Every structure is written in C-alpha cells, then in structure tokens.
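The whole structure should be built from the sequences, with the hints applied where relevant.
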Amino acid sequence: MNDNKPILRYNANERSNHWIVAILFVLAGLSGLALFHPALFWLSHLFGGGPWTRILHPFIGVAMFVFFLGLVLRFWRANFITANDRLWLRRIDRVMLNKEEGVPPIGKYNAGQKLLFWTLLACMLVLLVSGVVIWRAYFSHWFGIDVIRLSALLHALAAFVLILSIIVHIYAGIWIKGSIGAMLHGWVSRAWARKHHELWYREVTGDKTPHNHGRKEG
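Number 218 marks the last residue of the sequence shown (full-length UniProt numbering); no jumps.
Since the hints were derived computationally from the structure, they do not count as laboratory data.
Just so we're clear, the structure is a prediction, and the values are computed from it rather than from any experiment.
Beta carbons: idealized from backbone N, C-alpha and C, even for Gly.
It cannot be assumed that every hint is accurate.
The list that follows gives simulated cross-link-like pairs (lysine to any residue, SDA-like), each with its CA atoms no further than 20 Å apart [said to hold, decoys possible]:
(1) K5 - H196
(2) K108 - N13
(3) K108 - R74
(4) K177 - R74
(5) K5 - D207
(6) K5 - L184
(7) K108 - W187
(8) K5 - R190
(9) K177 - V161
(10) K108 - A78
(11) K108 - A39
(12) K195 - A158
(13) K5 - K177
(14) K177 - S189
(15) K195 - R86
(16) K108 - L30
(17) K195 - G181
(18) K195 - I92
(19) K5 - I180
(20) K195 - M183
(21) K108 - S179
(22) K5 - S189
(23) K177 - R190
(24) K177 - I166
(25) K108 - H169
(26) K108 - R91
Each pair of labels, with its calculated beta carbon distance range [what the hints assert, rightly or not]:
(27) P38 - L8: 43 to 49 Å
(28) G50 - E203: 30 to 36 Å
(29) F143 - L69: 44 to 50 Å
(30) V95 - L35: 35 to 41 Å
(31) P51 - K5: 52 to 58 Å
(32) M96 - W142: 16 to 22 Å
(33) H37 - N4: 48 to 54 Å
(34) F143 - P6: 47 to 53 Å
(35) K177 - W52: 17 to 23 Å
(36) V72 - W142: 23 to 29 Å
(37) W175 - F59: 31 to 37 Å
(38) P51 - L89: 43 to 49 Å
(39) R74 - K5: 43 to 49 Å
(40) G50 - M96: 20 to 26 Å
Printed below as a string of structure tokens:
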C-alpha cells in the first residue's frame, strides 16, 4: 500500500454540484435580505433594482433547492446517525480540544456534519413550500391572507436558520484543515482521512488497522 497516495473524497460532479448550490445560496441570500428589510434594500442594486430582485429571488431559490436535492440524493445514505455518532456527540468536548482518547471512529461524515445535513434539508423544504405560498406572481392568490402571513414568517425563520447553519459549515471547513481542499480538488491525504474519518478510511482503503487502539467504537 502506498501511504502517500491520496484518497478521492469528492468527484468532479459532486464538487460542481456543491459549488453551484453555494453560488445560488449567496445569490438567494443577498436578494432575500434585500427584500427582507428596507435597511438592506440597497442590496437589490446587485440584481438590477427592486423589481428585478423580486422577480429573480424565487427563481434562484427554486434552482438552489433543485441542485441541493442533487446533493441529497448523492449523500443521504452516508448521513444516518449511528451509535458511534451519538457517542461522538456526547464527547464533543474532547473533539473540540483535538483529544482522540475516548472519541469513537466515524464514517464519511461526523455527527455534526450529519445534523447539519438534515438541518439544511429541513430548511430548504420549508423555504420551498413557504416560498411557493408567498410567490405573488404565480401562487399567492390560491391562499388566504393568514396562510400567506404564516408562510412569510416561516420563510424568514428558515432563511435565518439556514444562513446560521451555512456560517457554521464554512467555519468548520476552515477549522478542519484539508476540508476545503477536498471540495476544491477532490482529494485528501491518507493521514487526514485516517485521523478525521477512520471508518470511511478503512472502507475505501481496506486497511482494517485501528488508528488508535485505545479507542472504543461505541
């Protein structure tokens, strides 16, 4: 076995899908903020003014959901919570301190990444449904004013949670060295994979040797 040979974590299609969603998220976020509060309306100039912002925002949102669904279809199987994940969460203090003793090995994603995945999916679904209800040009005339008001509130709350979740996602990617590189060029070192995602490392390499013999797997 060549210990210096890197491991493919994300192929070109997966990386492209991710970055398309990221770009659409920025566009949807900026246009949504422009419509959310008068103090942020100046952001509408990025989209050609208020009318164009109101026209483009829902279409951008729908496109973001469609491409995000592509990520869901690719990765949902790897995001189920396991017994090791629950133990990992109980020992999150050790993870934050970069202490490996007592921290169980994990698969392709850790429990934090999995919770983020399901949070993003929930927010996207709420944004899609509520967005359709308040989409004046096509759908809002089908609903009563109370439903529209509730949908507008849920839309804003889901967007707030989504933005916070993406900030956490970006921070974690920066904090764990090598994570951003994996989504840029697709490859990670064997040492990185073994340290951060040992069960996944064993699966893709066939190496069954535990990284830390003193750890329990939950």
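Where does the structure disagree with the numbered hints, that is, which hint numbers, in rising order?
Checked against the structure, the hints that fail are numbers 4, 9, 11, 12, 16, 28, 29, 32, 35, 39, 40, while the rest are satisfied.
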